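Asks: Each chain, letter by letter, is given below.
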Amino acid sequence: MPQIIDAEVQVELSDDGDPLAFVWDRFEHTIIGQPQAVFTRTRWWENEGTPTRIDTELWRVDAARGAEDQHRYDLRHDADGTWVLSVDWG
Amino acid sequence: MSFPHLHVASAYSTHFGATLPEALAEQAAADGASFLAVTDRDGLYGAVKHVRACVAAGIRPGLGADLEVHDDDTLTPLGRVVVLAHGDTAGRGYAALCRAVSSAHETTVRVPGHTPSIPRGRLAQLAGLSSLTVLLGPASDVGLAVERRDTATARAGLADWLRLLPPGALALEVVCHLTEPGTPGSVAPATRMLALAEYAQLPAVLTNAVRYGTPGEAVTADLADAARHLTPLAQLDQIQLNGQAWLKPAAAMRQVARMVVDAGTHNDGALARLLRDTIELAERCALDPVGDIGLGRPRMPEASVIGITGDPLTELWARARHGIDERYIDAGRGALTAAHDRLAHEMATVRSLGFASYFLTVAKVADLVRGMGIRIQARGSGVGSVLNYALHTSSVEPIGNGLLWERFLSPERQTLPDITSMSSRPDGTTSTARCSRRSAATGSR
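Residue numbers (my numbering), protein chains in the order written: chain A, 1 to 90; chain B, 91 to 535.
Looking at chain A on its own, in the form it has when it is part of the complex (with noise of 0.2 Å):
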């Protein structure tokens, strides 16, 4: 079952920018294989203001906790560089 998370976590990234875990509720989840973007545009005309870039950066990977099943997340990466944990996919 998808669940919305909507949690800042702080997430590791490897020498070549990829990330390689994040901590979430203290537990540390460690990424498996490649994690892959998704940049999806905003309509930025409708707001106010011009913005500093029009994408939203979303991370889909897969991730398990200690020796627990793995499960998929979403992983949002904001302008400001904050990481969200927006969705776990189960």
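Calculated directly from the structure, the hints in this document are not laboratory data.
Computed from a prediction, not measured in an experiment: that's the story for all the values here.
A couple of the hints might just be wrong.
[Unchecked claim] Here are the simulated EDC-like cross-link-like pairs (lysine to aspartate or glutamate), alpha carbons at most 20 Å apart as the crow flies: (1) LYS139(B) with GLU112(B); (2) LYS338(B) with GLU46(A); (3) LYS139(B) with ASP161(B); (4) LYS338(B) with GLU112(B); (5) LYS338(B) with GLU416(B); (6) LYS454(B) with ASP378(B); (7) LYS338(B) with ASP378(B); (8) LYS338(B) with GLU116(B); (9) LYS338(B) with ASP78(A); (10) LYS338(B) with GLU57(A); (11) LYS454(B) with ASP367(B); (12) LYS338(B) with ASP121(B); (13) LYS338(B) with ASP18(A); (14) LYS338(B) with GLU28(A); (15) LYS454(B) with GLU502(B).
[Claimed, not checked] Partial chain A-side listing against chain B, Cβ under 10 Å, derived: (16) ASP15; (17) ARG43; (18) TRP45; (19) THR56; (20) GLU57; (21) ALA67.
[What the hints assert, rightly or not] Between beta-carbon pairs, the in silico distance windows are: (22) LEU323(B) with ILE5(A): 53 to 61 Å; (23) ASP178(B) with LEU13(A): 34 to 42 Å; (24) ARG72(A) with LEU252(B): 35 to 43 Å; (25) GLN34(A) with VAL380(B): 13 to 21 Å.
Every residue gets a Cβ at the ideal spot worked out from N, C-alpha and C, and that includes glycine.
Following the hints, put chain B in place on chain A, whose structure we already have.
Replies: Here is chain B on its own, set in the frame of chain A:
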């Protein structure tokens, strides 16, 4: 390890690119790149600025054009491709690229109403002698078939290209803008393009089909799209799906490469091969600003174009002497001698700069205009020349009027001079024609 961008539209791609060549070159150099290509749409509009900017930034320039292609016989559109000139060919690659752009624009004359587009047969001809590489990317007929998962059509289309183009002239272009799955620019069509290259045993190169330098300029590209289609943003169908067509640094391009390779089933070493083939093509396309393009060296119009078969300087001398004798026939002995002395002084500069055929060409243009029954008069610094007066390029007698030759041309001046002429139209209005650096340079190719 640096990454060479091979497909980049500068702001000189009107209503498409957003960033000036100087900014792109500086940004690439700051990221540690040693090469940058500019491949403007339908032309070489940013080419000279790009080459100069690369020289200033200490990186090697590549030049290409993003061109529409069609079938010679049926006029069937074959999408858009990137045509890249090969370097260290003593200008052969650059000349072939210039001719490809000319051919694309000739189509607009031959088929009125047609957009600039090169016949594939002509492109194949120009790509001979290893002058050019043609990149088939997502906007080509092959890429469009890959995008809609039509493997049979993609393979058949590629087979046509391979049959028509000289060996080694083709590469497949993998572009991934990390758009949402199921849309153009996502990883799936990119990884299928890579698989097609493996199937056909062709090199695949990674590009970012760049339209702007930084992510922040994606907004400008949105506005360019709206302007190009004369459509408000909110109603635009062909709006970019995200803002990822920027000049990404090497690390971000390698990240894209990893995602593309990971999304499909590929041969061992596919990631390394994709990056290596990209670097190898960039090395082939690195142009020597002097040896390949003749940067800083004025190119005279070929005198043969205006019907002169002998030495242009000899011809210019003969015409100028005759012109002085004719112009100063009633001026008295002293004035005639002074005019010949002044001519000798001016001709010494023309000779040392090698500009003889330039003066002959401008005089020819003035003759042609007069021959059409249109009055023509030079204006500006060009009227300070007794040579222009003798050639009937100008009707103003310079010596008696105290006009200076040096204001027009001097041995220190390395660029072509401007001779501006005004002509009156039969309806009495005037137009201004400028036989300038630019028109002389285009006339020479």
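Asks: The structure should be examined with respect to each hint, and the outcome stated for every one.
Replies: Consistency of the hints with the structure:
The hinted pair formed by LYS139(B) and GLU112(B) meets the criterion: a straight-line CA distance of about 7 Å does not exceed 20 Å. Only pairs whose Cα atoms come within 20 Å are accepted, and LYS338(B) paired with GLU46(A) is rejected, the gap being roughly 27 Å. For the proposed pair LYS139(B) and ASP161(B), the alpha carbon gap of about 33 Å is over 20 Å, so the pair is violated. For the hint pairing LYS338(B) with GLU112(B), the CA-to-CA distance comes to about 16 Å; that is within 20 Å, so the pair holds.
For the proposed pair LYS338(B) and GLU416(B), the alpha carbon gap of about 65 Å is over 20 Å, so the pair is violated. Proposed proximity of LYS454(B) and ASP378(B) is contradicted: the alpha carbons are some 34 Å apart, above 20 Å. The suggested pairing of LYS338(B) with ASP378(B) is violated, with an alpha-carbon distance near 25 Å, which exceeds 20 Å. Between LYS338(B) and GLU116(B) the CA atoms are separated by roughly 13 Å; this keeps the pair inside 20 Å, and the hint holds.
A distance of roughly 18 Å separates the Cα atoms of LYS338(B) and ASP78(A); the hinted pair therefore holds under the 20 Å criterion. Pair hint LYS338(B) plus GLU57(A) holds up; C-alpha atoms about 15 Å apart against a cutoff of 20 Å. Straight-line distance between C-alpha atoms of LYS454(B) and ASP367(B) comes to about 50 Å, which puts the hinted pair past the 20 Å bound. Only pairs whose Cα atoms come within 20 Å are accepted, and LYS338(B) paired with ASP121(B) is accepted, the gap being roughly 9 Å.
The hinted pair formed by LYS338(B) and ASP18(A) meets the criterion: a straight-line CA distance of about 15 Å does not exceed 20 Å. Restraint check for LYS338(B) and GLU28(A): the C-alpha separation of about 30 Å exceeds 20 Å, so the hint is violated. Of the supplied pair hints, the one linking LYS454(B) and GLU502(B) is violated, its CA atoms being roughly 26 Å apart against a limit of 20 Å. Taking 10 Å as the C-beta contact cut-off toward chain B, the hint placing ASP15(A) at the interface holds, the least distance being around 9 Å.
This hint holds: ARG43(A) has a C-beta 7 Å from the nearest C-beta of chain B, less than the 10 Å allowed. Interface restraint check: TRP45(A) against chain B, minimum CB-CB distance 5 Å, threshold 10 Å, status holds. Evaluation of the THR56(A) hint against chain B yields a held restraint, the C-beta minimum of about 9 Å falling below 10 Å. Look at GLU57(A): its Cβ gets to within about 9 Å of chain B, closer than 10 Å, so that hint holds up.
For the restraint placing ALA67(A) at the interface with chain B, the shortest Cβ-Cβ distance is roughly 24 Å, beyond the 10 Å limit, so the hint is violated. A hinted range of 53 to 61 Å for the beta carbons of LEU323(B) and ILE5(A) is inconsistent with their spacing of about 33 Å. Here the CB-CB span from ASP178(B) to LEU13(A) is close to 40 Å, well matched to the stated 34 to 42 Å. At about 41 Å, the CB distance of ARG72(A) to LEU252(B) agrees with the hint of 35 to 43 Å.
Against the hinted window of 13 to 21 Å, the Cβ-Cβ separation of GLN34(A) and VAL380(B) comes to about 44 Å, which falls outside the hint.
Going through the hint list in order, the structure does not satisfy hints 2, 3, 5, 6, 7, 11, 14, 15, 21, 22 and 25.
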